[in-house]
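Protein sequences appear in the order of chains A and B.
Residue 449 in the working numbering sits at position 299 of the first sequence, and the numbers go up by one each step.
Residue 292 in the working numbering sits at position 279 of the second sequence, and the numbers go up by one each step.
Hints are computed from structural coordinates only; laboratory data are not their basis.
Be careful, since some hints might not be right.
As the list claims (entries may be wrong) - Just some of the chain A residues that point at chain B, by a computed CB distance under 8 Å:
id: 1; residue: R212
id: 2; residue: L215
id: 3; residue: T216
id: 4; residue: T231
id: 5; residue: L237
id: 6; residue: G325
id: 7; residue: K411
id: 8; residue: Q414
id: 9; residue: I428
id: 10; residue: E429
id: 11; residue: F431
Everything numeric in this text was worked out from a predicted model, so none of it was measured.
All residues carry an ideal CB built from backbone N, CA and C; glycine is no exception.
Here is how the chains run, residue by residue.
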Amino acid sequence: MSTATATAATPSSPRTPTKAAATDRAKAENRLGLKLVAPAVILMLVVTAWPMLRALYLSTFRYRLTTPDDREFQGISNYTTILTDRLFWQDTLNTVIIMVVTVAVELVIGFAFAMVMHRIVFARGAVRTSILIPYGIITVVSAFAWQFTFSINNGWVNSWFGWLPWIGPNTNWFGDHWPAMFAIMVSEIWKTTPFMSLLLLAGLSQVSEDMIEAAKVDGATWWQRLWKVILPNMRAAIMVAVLFRALDAFRIFDNIYVMTKGAQGTESSSFLTYRQVIEQFQLGMGSALSVLLFLTVLLIAYLITKFFRVDLAQARGEG
Amino acid sequence: MKHPPPEGPGHGNQGRRHRRGGLAAAAALVTVSGLLAACSANADSGKTTLTWYINPDTGGQAKVAENCSTGDYTITTQVLPQDASQQRIQLARRLAAEDPGIDIMSIDPPYTAEFANAGYLAPIPQELQDTLSKQSFDGATQAATWNDQLVVAPFWSNVQVLWYRKSFVEKAGIDMTQPVTWDQIIDAASENGGKVAVQANKYEGYVVWINALIAGAGGDIVSDTDKGIDASIDIDSEAGDKAAAIIQKLAHSSAAPSDLSVSNEGTAGSTFGSPAGAFLANWTYIWTNYAAQPDVMKDIGYARYPQSVEGEASHPPYGGIGVGVSAYSNHVDQSMQAIECITNPDNQGVNAELTGNMPASAAGYDDPKLHEIYPDDLLTLFQDSLNAATPRSVTPYWSDISGAIQSTWHPPGDVSSNTPADSAKFIDDVLHGRSLL
Chain A
151 MSTATATAAT PSSPRTPTKA AATDRAKAEN RLGLKLVAPA VILMLVVTAW
201 PMLRALYLST FRYRLTTPDD REFQGISNYT TILTDRLFWQ DTLNTVIIMV
251 VTVAVELVIG FAFAMVMHRI VFARGAVRTS ILIPYGIITV VSAFAWQFTF
301 SINNGWVNSW FGWLPWIGPN TNWFGDHWPA MFAIMVSEIW KTTPFMSLLL
351 LAGLSQVSED MIEAAKVDGA TWWQRLWKVI LPNMRAAIMV AVLFRALDAF
401 RIFDNIYVMT KGAQGTESSS FLTYRQVIEQ FQLGMGSALS VLLFLTVLLI
451 AYLITKFFRV DLAQARGEG
Chain B
14 MKHPPPEGPG HGNQGRRHRR GGLAAAAALV TVSGLLAACS ANADSGKTTL
64 TWYINPDTGG QAKVAENCST GDYTITTQVL PQDASQQRIQ LARRLAAEDP
114 GIDIMSIDPP YTAEFANAGY LAPIPQELQD TLSKQSFDGA TQAATWNDQL
164 VVAPFWSNVQ VLWYRKSFVE KAGIDMTQPV TWDQIIDAAS ENGGKVAVQA
214 NKYEGYVVWI NALIAGAGGD IVSDTDKGID ASIDIDSEAG DKAAAIIQKL
264 AHSSAAPSDL SVSNEGTAGS TFGSPAGAFL ANWTYIWTNY AAQPDVMKDI
314 GYARYPQSVE GEASHPPYGG IGVGVSAYSN HVDQSMQAIE CITNPDNQGV
364 NAELTGNMPA SAAGYDDPKL HEIYPDDLLT LFQDSLNAAT PRSVTPYWSD
414 ISGAIQSTWH PPGDVSSNTP ADSAKFIDDV LHGRSLL
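Bound-form chain B, shown alone (with noise of 0.2 Å):
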């Protein structure tokens, strides 16, 4: 134990040292515990300050939360892990300890329904739930619903649309105002020497590009999914055989970046910035990221997302956040009154202006900030590809799915014609515990 420096030549004595110690410690604790005590009250004495948890962004839900705040509450933010699995996991592992000190979260879509599944969420008032679904996109309410319940509120909703670079296209000669196909794009690249950058890193966005393939043509990686983890398994299909073939059409490829196998959003975007960018599938803030590289914010060009097989409409990935309550939180009421202020169309307005993240509702498309950001058009085409949209399977094994996926599926060099067949037998495999993942 650690004694103060004696103050004079009459302080050897060991006992009044020992009590000098004490009190000396005695008062540090005190003076640390009424630092922690001044920390917890709320500067209003007896406001009520509800937490929410939020997924990093450039400040738009700081500001929503701002101004949901009432004079009954206070809505303070904190903030996740920046990867969509990291925020699941702490999320997820504080929430499975009961932990009172969240109260709101944004939550991720591939993840809802585990969570609700698992009762973490405080279910929605149904008046609230019939408000959300009204103004909504239908991607968002589908993917914001576990067992017919809307159990999150839906907050911004993200879709891909292709990027590509006029010059490029006019040099390749292709007419971007019809759908193009991926073979299409595939072909034009590699022959006029540009590159087709995606997402296809062993991560959830790599899944995201292989469910908006298949989806796009025709099918879909599970169904039956209220079976839990007997849901159908419908991967090796011939739309499955679909999204492999172009895969390895890509890898294959001159088109193919030499970092397709890492590639994520960040560096996809790198590639189609550089000279030999031609066409990025990637999400909507993208028309808001070249604004340092001026030749190339001007020379950027938005079509609807690629289809898979020509003549049948693409159905692009779905991504965004969805606000729910915990279950454990100490303050579900005066929560759920917070999320039906986060996301009312106002407040999503506010969040897409800070954030590029588009909003969940055709009415939050109303801000009249947007239309000075974004063309009136990509607003259009927002919104449509938005309608079209699949999101991910709702299922509360989503993560394993997802995992099993990019186990079998990773690297895209190594897809061929047997991947789909593969992955069909590896996902039953991990669901029912006979394989690792």
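The shape of chain A in the complex, shown without the other chains (with noise of 0.2 Å):
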């Protein structure tokens, strides 16, 4: 590494006719980069962009697949209708709140997990891979199991847990909005901790162990060292981790699809948008929906690099 850096910096000591040769082979290498990245580039225009400014389009209609002559330019009202509508919010709300629980829930025992994984001398593997289990399950299968497991015909929590107050062989998880918000929260939370306790993990691993050792020495405690050395140096793979999950979190769908079906208020956005769109086929709204749901998304993101005051390509490790 350190010859490399060496045999890079040689030339560039004679200033004047190095920098021209070289800002030469960098516009050649940067033309060629260009040319790598073009169908890459193009790509991506053709799959995402090109279906996103469709979508802009069509929220400007009133327009349903069953009743196409019925096309009308609409303008904003669309979007009028649903920011003065009720559902729109009582279905952010729901959004927000299980993205607030379950990241913060997560966030927790994912932490606590990738100590363990961290840590662990004897049979590592073992409780990597044990930890990581539910993460490779897919969503709708783990949602089927923890429907079953709240289901008052054959689930185990009523009898298990059937010693608490207020839990008995007829309690119905699906019938009320909150327990009904508990039991998607739980198959939530069940299914991507591992997710965040892997990217803590690799930002856990990063924390140099002099900078831990040093502290020790000084005679911090495990929790000043938690607190003022692992955790202010953890800050840009918390982001990362808190990022990702927010985001992913915020578009939760298949567990409230298979648990629930939106019953008793339990919709999210993405649900909301889904059944405009493919239940009712009102692509007009439906698009305006989901026109929404992505600036909302955008505004989450933009919210939490502002709360970390991490710079993202910092931690990319560019800056």
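With the hints as a guide, dock the two chains, each given alone in a separate frame, to form the complex.
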């Protein structure tokens, strides 16, 4: 590594001639680079930007797939309908609650798991694998598993936790808003905590052992080492983990679809969009909802990066 | 790009490896396309294949497809999702894309008008329409008609009856030979520790129940449906209030199963088969549902669907399947011949024998095997119920109306005297794009 740096540095010392040469080479390399990424960029534009623009265009129409002759330009009226609708705000609130609660719980449990995976000395592979198993399970499958778990007919939650005063054999978890939300969140947390812990593990392994050692020598307690040394040094990793999971959680769909189908007011923003576009074929209204969903996700990403005061380029090691 | 591993030391040359890779890829392509061609062509060359998209069943439609395949065409079946609304979604999306891969399809009655209105269904020749109208039950014809045209061929017709446990009604001392009302069975069940099992999850089945309750009280959910989104919404009426009162009464009584708000046909069947089972409003197939529980089987009694209002005849829920031909099929004429065969009374009988889904015509009930499986008085009850059945309103906007009802009437425990008025307003808002559904 050091040799490579040295050889690269040597020709740059006689400044003027080499700089011009380097620029030529850099230009050529840049051109080659552009050519190399061009196919990928074009593909991205076709599969990502085009549908996005199309959604934006469709969102200004009243357009239903089964009554195509009825299509009519509406301007921003779809947006005003949505933004003044109670259901939209209720679903957004649900989604935010699910996002905040699941990410917070996952961050704590995920960090504990990351510590275990980081520090464990025996059966390291087995422990790491078993922690990661839920993440390897398809969300729909895990949602069904948790639906059966909480089911009033054949679930084990009601029988195992029957000793709790508020749980009995006739507790219908999917019969009321909050119990149903609880079940959905448990399923989501179980499924994605391993992902969180994996990202945190990466951050944890980057914290220099020397610093921890130095803090130990200075007499810092375990708690102080955690809060003053480990966590501040993991800020970028924590931000990436929270950002990824928050965006994922905000788009929650599968668990709700399988467990309640949106009943008991458990609908999320994605589920509302799905119902407009796929079930009701309301391409106009559905596109408007997708656009709003996209903007919300952007906003969340912006707020999280601001909150953690981390430069993403720096987090990638480019700064 | 992957290359085949070199076979010997002489294969280090890049160019040759590339050529070999290209050759191998070309060979693979030829093989795959050959296989695909073999798959798409019918085994008997030159014979047309008609693809029939069916709702999942226990082999009835596949058998009918076999019976109706001729020297000119073979009918193959493709299975749609279990859930009726998912069946609608899959069919409608493919038809909107003008997919010629669908020739014939089994369509649930509430979505028939939507498909016909969107121009997805090929018009049925008048002669065939006449035959079908003549042979089918009134409810079946009504559900298959849009703009005065029969747009699908009624194939099987399902109807709900009131199933009860003989031991329970004996204990409760109710005379089941006389028509009973919802109030009576709810009271009898709560006083004697029994459960009244219905379908009240947030899904189409719940609206089926609500529709029957309203129809039984002499009302309807919507009328003047040919006006599209400006149809008259009648749910906020005396009949609507009666329906809400019945649901409210059941939901707050001890006769309500603990899973009431998530109950569907299957879970209601389980409740009925459990020791607390007393009454069950459910489809015809319940008769053959308890083969594994002989004690329950022996204990099952049946009666006409309960009345909403004492003294007024009930209008049981109607279900079933109509068979339509896609307007985008490349074989419309042959498909018409095929549906004529599929829906003839003999094949309706064959389907009923294999699936428990009853024929859409009185002639279909003549099938001798049906009389071996079902008692004669039960078959008579099914036919009488079908003639009195009220299908859900035939409108292209049924899925919106149904969704709006599900949103406002679910969970059943929250239904109150305000619910009919709330739902009428909400349906109107949804239809006019003022509210999200």
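Tested hints:
no.	hint	in the structure
1	R212	6 Å, holds
2	L215	5 Å, holds
3	T216	4 Å, holds
4	T231	7 Å, holds
5	L237	5 Å, holds
6	G325	5 Å, holds
7	K411	6 Å, holds
8	Q414	7 Å, holds
9	I428	6 Å, holds
10	E429	6 Å, holds
11	F431	7 Å, holds
Every hint, counting from the list given before, is met by this structure.
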